[in-house]
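Novice: What follows is each chain in one-letter form.
Number of protein chains: 2
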Amino acid sequence: MKVAIQGIKGSNHYKALTELFDVDHVEVEECSTFQRLVSSVVTGESQKAIMAIENSIAGSILPNYRLILDYNLQITAEYYLNISHNLVALPGQELADLVQVKSHQMALHQCSYFFTDQTHIHLIEDVDTALPAQVIAQQQISGVGALVPKGTAELFNLNVIAEDVQNNSLNETRFVVIEKQANLSDDVNKATLQFEIAHESGSLARVLNLMADHHLNLSKIQSIPIPNNIWKYAFIVDVSFQNELHFQKAFKAISAISINPTCVGQYKNGKS
Amino acid sequence: MKVAIQGIKGSNHYKALTELFDVDHVEVEECSTFQRLVSSVVTGESQKAIMAIENSIAGSILPNYRLILDYNLQITAEYYLNISHNLVALPGQELADLVQVKSHQMALHQCSYFFTDQTHIHLIEDVDTALPAQVIAQQQISGVGALVPKGTAELFNLNVIAEDVQNNSLNETRFVVIEKQANLSDDVNKATLQFEIAHESGSLARVLNLMADHHLNLSKIQSIPIPNNIWKYAFIVDVSFQNELHFQKAFKAISAISINPTCVGQYKNGKS
Chain A
1 MKVAIQGIKG SNHYKALTEL FDVDHVEVEE CSTFQRLVSS VVTGESQKAI
51 MAIENSIAGS ILPNYRLILD YNLQITAEYY LNISHNLVAL PGQELADLVQ
101 VKSHQMALHQ CSYFFTDQTH IHLIEDVDTA LPAQVIAQQQ ISGVGALVPK
151 GTAELFNLNV IAEDVQNNSL NETRFVVIEK QANLSDDVNK ATLQFEIAHE
201 SGSLARVLNL MADHHLNLSK IQSIPIPNNI WKYAFIVDVS FQNELHFQKA
251 FKAISAISIN PTCVGQYKNG KS
Chain B
273 MKVAIQGIKG SNHYKALTEL FDVDHVEVEE CSTFQRLVSS VVTGESQKAI
323 MAIENSIAGS ILPNYRLILD YNLQITAEYY LNISHNLVAL PGQELADLVQ
373 VKSHQMALHQ CSYFFTDQTH IHLIEDVDTA LPAQVIAQQQ ISGVGALVPK
423 GTAELFNLNV IAEDVQNNSL NETRFVVIEK QANLSDDVNK ATLQFEIAHE
473 SGSLARVLNL MADHHLNLSK IQSIPIPNNI WKYAFIVDVS FQNELHFQKA
523 FKAISAISIN PTCVGQYKNG KS
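From first to last, the protein sequence lines are chains A and B. Per my numbering, the very first residue in the first sequence carries number 1; after that it's consecutive. Per my numbering, the very first residue in the second sequence carries number 273; after that it's consecutive.
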C-alpha cells in the first residue's frame, strides 16, 4: 500500500504515518504541497493520504478542506499527534555553536520563548520544518540548527541539542486520512458535513436546530469560500453522535433545507 | 501617523495601505510577521496596522483572529483588495530568459495555469511575495522572476513580463485596520463578535436564534481554538445590521447566554 504525506520523511506528517501504519509494510509518497498530496490519491498513485487539518493552537487549515471538497475525497479516519519541536544540528555541535536556526514560521513562533535568551542565534524562516534538517545532514552544514519532531534526528543522523523547546506543551495537530471512497467501520461516531444555505436571516440557525433535535453534538463549524461565488460561504461542520442512525436521519433532514449537502466522511473519534 | 503592514513596500499589504491612506502623510512600518505587526500597535510604535484576515479563495486566516483577540485589539475598518499577480524581472529580461520564479506558495498555486506551459521555469517557494522582487532588484539577479501586485514593478525598477497571471480573476483579500481602541463612526453597519458557549447540545443554535430575532444577518462563523483549553473552540462571527441599536440589544442578549462575549470591532461594510 502506498500512502501520501505532505513533506518528507522526518516531518510531522511522517510521524503521524508511523503511528497510524506499520512503516515496514507501507510505501511513502513524499509530496511537497497539499495539492500534490491530493492529486496522488485522485490519480490512484497512492491509496490513502495523511493530511493535517487543524492544530490545537493555530486552528483549522481551511484550504485543506477546500482540496478535499474539490476532489470529492472522503475522510476515513482522524489522528491526534502531540507536536514536539526538538532542536537538532550536526553531531558535535552545541547550542553555543549555532548562528542560525531554520524552520517554518509557525514552528519558530511556537518556540519563541526558548530562543529569547539565545541572542547569538538568528531565526530564519523556511517553507518546511524537516527539509532544513535534511539539508543540514546531506550538505554537512555547521552552525545551523533545525526544529524537528521526536525521532527525526536518528533518521538524518543529527544530534538533539534540546528536546521539547515549544512554548506550549499542549500542542496537538489533528490529521485526517483521506481516500477516494468512504471506508465505514462499525465504530463510526463522528462525521464531517458540508452544506450551503439560502441567504436569508436565521437559515444557519435552522440547520443547527435540526442537528440538536437529532442528538448530534456540533463540535466545530467553519465558513469556507464557495469557489467562483465571491464572498459567499459554505459551512463545514464536525458532529459527533452515539448512534449512527441518528446521524443518517439528521443528514436527511438537513439535506432537505440546505444547498449542496455533502457528507465529507464518517469515522471514529480519534481522541484518546 | 505610523501604520504597520505585514511585509515590505510592494506587498499586497502595502497596496492596501496606499488605497486606504495618503502615503505622503503616513510613515510605514514594515513587519516581517503578523506577530510583529500586532506588537507594533500594542507598544504604540504604530497607531494602526493593516492585516489580511481572509482571502476569497483560500478563506480566513484564523491565527490572525487569535492575535487580535490575544492583544485585545479592535477592528476599526475593513478593505477589500483585488489580488493581481504580475510576473516581473530585471529590465531587458523576457519570459524565455527566466529559469526560476520565486514567490509564496499561495501565489505560485494561484498562477499554476500560466506556468503549466513554461516548462523551462522552475517554481521556487519563498516565505514572501514582494521580498524576492526586492532581492532581484537589489542584487541585479538575472534569470529569476517574481510575482507582485500592480505598481510594485515601478517601485523596484523591474520590468513587467506578464500582467494578471492568476488563474482566477475573482480573487480578493479582505484586510482589516486594527487599533488599540474602538473608533466608531456614524455609518457603522457591521461587527465582529467572539464568544464561547457551554458544552451542551443546541447551545450554538440558541445564540444564532437570538441573532436572527434581533435582525442581525450572520455572514460568517469560524471556530477558533481557546488558548490552553485543548480542542475547545470559541466562535468568531461577522454580523451586519441596518440599525446599530439592534446590534447593541443583540449583543446584550447574546452576552447573557454565552461565555466571554467580546465585541472585536464595529465598522462600516467595506464591500463596494
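Do not take every clue at face value.
Stated by the list, open to error - For lysine-lysine, the following PhoX-like pairs were computed, each having C-alpha atoms within a straight-line distance of at most 20 angstroms:
{"no.": "1", "chain 1": "B", "residue 1": "Lys504", "chain 2": "A", "residue 2": "Lys220"}
{"no.": "2", "chain 1": "A", "residue 1": "Lys268", "chain 2": "B", "residue 2": "Lys462"}
{"no.": "3", "chain 1": "A", "residue 1": "Lys190", "chain 2": "A", "residue 2": "Lys150"}
{"no.": "4", "chain 1": "A", "residue 1": "Lys249", "chain 2": "A", "residue 2": "Lys190"}
{"no.": "5", "chain 1": "B", "residue 1": "Lys504", "chain 2": "A", "residue 2": "Lys190"}
It is worth saying that the hints were derived from the structure and are not from the lab.
Novice: Give a verdict on every hint.
Specialist: Results of checking the hints against the structure:
With a C-alpha separation of about 9 angstroms, the suggested pair Lys504/B and Lys220/A falls inside the 20 angstroms cut-off, and the hint holds. For the proposed pair Lys268/A and Lys462/B, the alpha carbon gap of about 39 angstroms is over 20 angstroms, so the pair is violated. Straight-line distance between C-alpha atoms of Lys190/A and Lys150/A comes to about 29 angstroms, which puts the hinted pair past the 20 angstroms bound. Proposed proximity of Lys249/A and Lys190/A is supported: the alpha carbons are some 14 angstroms apart, at most 20 angstroms.
At roughly 16 angstroms between alpha-carbon atoms, Lys504/B and Lys190/A fall within 20 angstroms of each other, so this suggested pair holds.
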